[in-house]
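Colleague: Below are the chains, spelled out letter by letter.
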Amino acid sequence: MEKKPTVELKLPILKNMELVATQTADVVSKHMQLSEEKSGEISMALIEACINAFEHSESKSEVYIHFIIDDDNLMIKVIDKGIGFDASQVKIPKIESKINSDERKRGWGLMLIKELMDSVDFESSDSGTTLTMIKKKDQNDE
Amino acid sequence: MNKILEASLNGEVLVIKTEGYLNKDLGQDIQNAAQEHINNGINQILIDLDKSNIVNSIGASIIIELIEQLQESEGTLAFCNLAPIIEKTFKIMGLTKYCSCYPNEEDAIKAMS
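Protein sequence lines correspond, in order, to chains A and B. Position 122 of the first sequence, counted from 1, bears residue number 121 in numbering that gives the first Met the number 0, the numbering being contiguous throughout. Position 80 of the second sequence, counted from 1, bears residue number 79 in numbering that gives the first Met the number 0, the numbering being contiguous throughout.
One should not assume that every hint holds.
What the hints assert, rightly or not - DSBU-like mimics (lysine-lysine), calculated; alpha carbons at most 30 Å apart, straight line:
(1) K2/B x K135/A
(2) K9/A x K50/B
(3) K37/A x K3/A
(4) K90/B x K3/A
(5) K3/A x K96/B
(6) K136/A x K2/B
(7) K90/B x K136/A
(8) K2/A x K14/A
(9) K2/B x K29/A
(10) K50/B x K14/A
(11) K109/B x K90/A
(12) K3/A x K104/A
(13) K109/B x K16/B
(14) K113/A x K96/B
Source of the hints: derived by calculation from the structure; they are not laboratory data. Nothing here was measured: the structure is a model prediction, and the numbers come from that model.
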């Protein structure tokens, strides 16, 4: 089977490194002729995925990002070597319960990723997490 | 560079103009700039994100704290010049239930005055 064109990034866990990922995503989106809207959604989802990998995984090593280009979609894998997590235990945030309460104001990342991408999947263990997200290409993107 | 370009009064509305990535640092800068004026009795704040076209949820979460604070003094928070993806992000988070979004500063000031 022919290998799909793939862009691979290795990001050190440093402040604002997620922007390196969004710049790469912009280039890939342009190459795929995705709409500005889809490109923005990919960047936003990627920022949140990187922040989760940087902050919540407690990973001490780098975070790897693979952009896998296909004719009809872009698949992005964000891979960390952290402590893993159980997605079923992540509470869906609601602003009504955060406003005027002691509830932590953060915790939006996963929800945003799910809302902005066409599909999202996780494989997680105590040796790391791979988040796989897909943005489909529409015929009218070109 | 992520920074506050300007924080000044337009009538009774504090207009905060930003540049760059609305992350935790810029969110806190906005909060600090607002705080100074809230202490002086200002309770209407407009955040102009014309030169900020990227955000993260941590920066947006700090805005939630600002909304809470303004609610205590029956104040309001609004945004103008939002990039489409920022507006969409704020909608998903539900921020737009508590803040109005305007296409530009002029429209915002007219509506808030």
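Colleague: Next step is simple, just say for each hint if it's right about the structure.
Modeller: Hints and how they fare:
Straight-line distance between C-alpha atoms of K2/B and K135/A comes to about 35 Å, which puts the hinted pair past the 30 Å bound. The suggested pairing of K9/A with K50/B holds, with an alpha-carbon distance near 29 Å, which does not exceed 30 Å. Between K37/A and K3/A the alpha-carbon distance is near 21 Å, which keeps this suggested pair within the 30 Å criterion. Between K90/B and K3/A, the direct Cα distance comes to roughly 35 Å. Violation of the 30 Å bound is thereby established for this hinted pair.
Distance hint between K3/A and K96/B is unfulfilled; the C-alpha atoms sit about 43 Å from each other, more than 30 Å. Between K136/A and K2/B, the direct Cα distance comes to roughly 35 Å. Violation of the 30 Å bound is thereby established for this hinted pair. About 23 Å separates the Cα atoms of K90/B and K136/A, which keeps this hinted pair within 30 Å; it holds. Annotation: proposed proximity of K2/A to K14/A is violated, straight-line Cα distance about 33 Å (limit 30 Å).
Restraint check: the Cα-Cα separation between K2/B and K29/A comes to about 28 Å, which is no more than 30 Å; the hinted pair holds. Among the hinted pairs, K50/B with K14/A is consistent with the structure: their alpha-carbon atoms are about 21 Å apart, no more than 30 Å. A hinted pair counts as satisfied when its Cα atoms are at most 30 Å apart, and K109/B with K90/A does not qualify at roughly 39 Å. Distance restraint check for K3/A and K104/A: the Cα-Cα separation of roughly 40 Å exceeds the 30 Å cut-off, and the hinted pair is therefore not satisfied.
Straight-line distance between C-alpha atoms of K109/B and K16/B comes to about 17 Å, which keeps the hinted pair within the 30 Å bound. Under the criterion of a C-alpha separation no larger than 30 Å, the hint pairing K113/A with K96/B is consistent with the structure, at around 20 Å.
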